[in-house]
Every structure is written in structure tokens, then in C-alpha cells.
Amino acid sequence: DTEVTQTPKHLVMGMTNKKSLKCEQHMGHRAMYWYKQKAKKPPELMFVYSYEKLSINESVPSRFSPECPNSSLLNLHLHALQPEDSALYLCASSQGDGNSNQPQHFGDGTRLSIL
Amino acid sequence: GIQVEQSPPDLILQEGANSTLRCNFSDSVNNLQWFHQNPWGQLINLFYIPSGTKQNGRLSATTVATERYSLLYISSSQTTDSGVYFCAVEPGTDKLIFGTGTRLQVFP
Chain P
2 DTEVTQTPKH LVMGMTNKKS LKCEQHMGHR AMYWYKQKAK KPPELMFVYS
52 YEKLSINESV PSRFSPECPN SSLLNLHLHA LQPEDSALYL CASSQGDGNS
102 NQPQHFGDGT RLSIL
Chain F
0 GIQVEQSPPD LILQEGANST LRCNFSDSVN NLQWFHQNPW GQLINLFYIP
50 SGTKQNGRLS ATTVATERYS LLYISSSQTT DSGVYFCAVE PGTDKLIFGT
100 GTRLQVFP
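Same order as they appear, the protein sequences are chains P and F.
This note's numbering puts the first sequence at residues 2 to 116.
This note's numbering puts the second sequence at residues 0 to 107.
Simulated from the structure, these hints should not be mistaken for lab results.
Every residue gets a Cβ at the ideal spot worked out from N, C-alpha and C, and that includes glycine.
Mixed in with the good hints, there may be bad ones.
Said to hold, decoys possible - Label pairs and their in silico Cβ distance ranges: (1) F:Asn23 - P:Met28: 41 to 47 Å; (2) F:Thr78 - P:Ser21: 36 to 42 Å; (3) F:Gln2 - P:Ile57: 17 to 23 Å; (4) F:Pro49 - P:Arg31: 33 to 39 Å; (5) P:Tyr52 - F:Pro49: 39 to 45 Å; (6) P:Gly29 - F:Glu14: 39 to 45 Å; (7) F:Glu4 - P:Glu59: 17 to 23 Å.
Stated by the list, open to error - Coverage of chain P stretches by chain F, computed from C-beta distances (three or more under 8 Å per stretch; other residues unrestricted): (8) 11 to 17; (9) 40 to 47; (10) 73 to 82.
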């Protein structure tokens with residue numbers, strides 16, 4: 002069982018819809034991440050939050066908007082997505098504090114389809 | 000940026016066989032992890048191994064950081080080992096870069 006919980010597991014939405022992906026961890030980790038994985042490709046980093054502040058944005062289009070309401074929660078708000086945004090979206094967390102690296106733990110992902 | 004290459008890209012085994020997967024990276028790293036992604040997309044931590052050797056059941060891993068490679072050994076493979084194996088490296092802090100993956104199929 003994963004200790005990082007993502008909801009929903011599947012999401013189908015139209016290009017004009019607004020939806021949100023949610024991620025939760027209760028391991029006391031200080032860093033949380035969003036990755037995007039297209040079919041038959043490796044995951045690619047989108048955003049990193051460290052101590053609830055956005056620390057890395059990998060030049061992600063503004064139609065993806067991350068939010069970290071508290072240390073346990075991470076959201077990804079979606080608006081006006083394109084069909085090419087269909088992918089598996091993975092959330093991860095880690096305890097690393099910027100000076101020492103620690104493993105990242107992944108949720109089961111949200112499989113997103115844009116119609 | 001850092002390049003992470005895995006070999007072989009595809010591997011087909013019969014149950015009970017052993018295998019070695021390789022991960023080469025082009026620059027020094029602070030962290031290296033091995034993951035198994037099952038057919039349902041779940042990404043499962045196998046090893047956190049920036050250097051040295053670790054074993055967990057039928058799996059073991061070795062990272063030689065000075066030579067910029069890591070190996071994952073799978074012994075007595077089972078059909079449940081099927082899926083994609085990724086290595087991922089952290090060249091600095093927080094930024095995990097995934098390798099190209101090895102797709103493993105184990106047949107009974």
C-alpha cells in the first residue's frame with residue numbers, strides 16, 4: 002500500500018473544464034512533487050514544493066496550476082487542457098531537507114484523459 | 000543536463016531466469032533510486048542506493064558512483080516481476096531525473 006494517496010484514480014474531462022488533482026501524505030515529509038508520464042515514456046518532473054513553497058517549476062504551461070495548502074496536501078488545478086495533456090500524473094514526497102537527499106515515495110497516480 | 004541511459008531497453012525471460020539491468024549516468028549524483036512500474040502504472044520503490052550494494056529478497060542493486068553506473072540484479076524471476084524498471088538520479092537537490100527504462104516480460 003502506498004503512503005502517498007492520489008485522487009481521483011481516473012479523470013476524463015473536456016478541454017473547457019476545470020478540475021483538480023489531489024495528493025496527500027501523512028509521513029511528515031517536507032517536499033512534494035508533481036510528475037507527468039506519457040505512455041511508454043519515463044516520468045518527467047513538473048513542480049517541486051519545499052516547506053509549502055514552490056521551489057521548482059519546470060517551465061510548465063500556465064494551464065497547470067499547483068497549490069500546496071499545507072504540509073500534507075498538494076493540488077494540481079487544471080484548466081483549458083489540450084488532448085496532448087492526457088497522461089498519468091504522479092505525486093511524490095520526500096523527507097530530504099535540501100542538504101541531505103532522501104528517497105522519493107510515489108502515489109499510484111491519476112490517469113487523465115482530455116477529450 | 001544529465002543523461003540517464005538504461006540497458007537493455009527490452010528483456011524477455013522465462014520464469015526462473017536471472018537478469019542484470021544497467022543504468023549509466025553522465026554526471027555525479029547525490030541520489031539514485033530504482034523503481035518498478037507495474038502494468039497498472041504503480042511506481043514502486045525498490046532501492047535507494049546512491050552508492051554501495053543492497054539486497055532485498057530476490058533483488059539486489061549495486062551503484063559505483065565514481066564510475067557513474069548502477070546495476071539491478073533479479074534472480075529467479077517470476078511473472079509478477081514483469082513491468083518497466085526505471086533508475087532515477089538526483090544530480091542536485093529535489094530534481095529526480097528518470098532513465099529511459101527497461102521493459103521486462105517474464106513468461107511462465
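Inset, instruction - Run the structure past the numbered hints and jot down the numbers of the failing ones, going up. - result: Numbers 1, 4, 5, 8 and 10 - these are the hints that the structure violates, sorted from lowest upward.
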